[in-house]
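Residue strings, one per chain:
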Amino acid sequence: MCGAKAGGPDLAGIDVATETIIQGSVTRDGEPVTGYVRLLDGGGEFTAEVPTSATGQFRFFAAPGTWTLRALVPGATVDRAVVAQRGDLTEVAIAV
Amino acid sequence: MSRSDVLVDADWVQARIDDPKVVIVEVDEDTSAYDKNHIKNAVRIDWKQDLQDPVRRDFVDQAGFEKLLSEKGIGNDDTVVLYGGNNNWFASYAYWYFKLYGHQDVKLLDGGRKKWELDSRDLVDGSEVPARPATEYKAKAQDVSIRAFRDDVVAAIGSLNLVDVRSPDEFSGKLLAPAHLPQEQSQRPGHIPTARNIPWSKSANDDGTFKSDDELKELYEGEGVDLAKDTIAYCRIGERSAHSWFVLHELLGQPNVKNYDGSWTEYGSLVGVPIELGAAK
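Just so you know, the protein sequences line up as chains A and B, in that order. Position 87 of the first sequence, counted from 1, bears residue number 87 in UniProt numbering, the numbering being contiguous throughout. Position 124 of the second sequence, counted from 1, bears residue number 124 in UniProt numbering, the numbering being contiguous throughout.
Just so you know, the hints here were simulated from the structure itself, not pulled from any lab data. We treat Cβ as the ideally placed atom computed from N, Cα and C, and that holds for glycine. Just so you know, not all the hints are guaranteed correct.
As the list claims (entries may be wrong) - From chain A, some residues computed to sit far from chain B (all C-beta separations above 12 Å):
#1 D10
#2 G13
#3 D15
#4 E19
#5 G30
#6 E49
#7 R80
#8 A81
#9 V83
#10 L89
#11 E91
#12 A93
#13 A95
Claimed, not checked - Below, in silico cross-link-like pairs of lysine to any residue (SDA-like), each with a Cα-Cα straight-line distance of 25 Å or less:
#14 B:K202 - A:G65
#15 B:K281 - A:G43
#16 B:K202 - B:S172
#17 B:K40 - B:R121
#18 B:K202 - A:T66
#19 B:K202 - B:A228
#20 B:K36 - A:P9
#21 B:K217 - B:S2
#22 B:K202 - A:G13
#23 B:K217 - A:G44
#24 B:K138 - B:S70
#25 B:K36 - A:V83
#26 B:K211 - B:V8
#27 B:K281 - A:A63
#28 B:K36 - B:S172
#29 B:K211 - A:S53
#30 B:K48 - B:I237
#31 B:K202 - B:E71
#32 B:K40 - A:P74
#33 B:K140 - B:E71
#34 B:K36 - A:G44
#35 B:K202 - A:G75
#36 B:K211 - A:A63
#37 B:K202 - A:R70
#38 B:K202 - B:L7
#39 B:K48 - A:S53
#40 B:K36 - A:A12
Please model the entire structure based on the sequences and the hints provided.
Shown next as structure tokens:
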């Protein structure tokens, strides 16, 4: 597999203006990590979860507000707080 | 029936991985995950291609289920162990199908694919597919005592337990779908009046394993669900509510629990039915 790509997955075919997108990548020492990313809402409740792609990337379609991203990878769990806005791309790079 | 009859851990599967009478079946939301890699000797069931009617919105019928299982080499007396990604959502959905069509011995792998991966257990390359000779599987007629339809749900408002297992933001109407999917949807947002919001995720740990029976009982009772009454669980398309149906019916042994597979994509599109907006009261 090729190395980690900066930023989230390709946006081809996605109407960015109408969605509230949170996306990014999970890396360890600059290399993509196979694992999972969870999206927790403002109250800390689970909202969604995706496996990372072969290039370590993930994407969520959320709503405006404050969220927490939780990366689950073998041997580690990392939380990152994010604020998302409609029509605006929120890019998050998570190093574990 | 006890917890160990319906739920097994990775060591249990590992010890029987080459047993031809134990059929390991992967069912994933991402139906291509199996092509990347999977548990050794696992066969794939595609929840879209294999389990849905190709034209109408409904399940494969009894004959279709028989044909599917026969082709997959699953016999009536085989032990079926289901697992998948996304915390076993679609594996639970398939489990409910197996029960709906009367398969005797079916189990879920606790934690599914995620826990298996996080524990760095072996997976074989996607091209390594087991050769299972075809069977002549005989399904039973659908057991509708575990399946709710829209009229059952409308009649249950204010009388039976309605459990909405979606995330709080979907329940309130802020989101229309789980947040890994685009939000532009045709249905109205909100929830069925009198439904309790008990997200499926509260019944599982971060690694996807189910919480203990005591914790699960406390969860539902703490949210005001009277387990003595009949219960209908729903979500968006019926897969997460199959997971909660598994908790209530299989782990907690509640007899009168149905899964409403039409769920919000049906209810939120019905003309004239009541809808409530806002957070759980």
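Checklist entry - Which of the listed hints are broken here? => result Those not satisfied are hints 2, 3, 4, 6, 22, 25, 28, 29, 31, 34 and 36.
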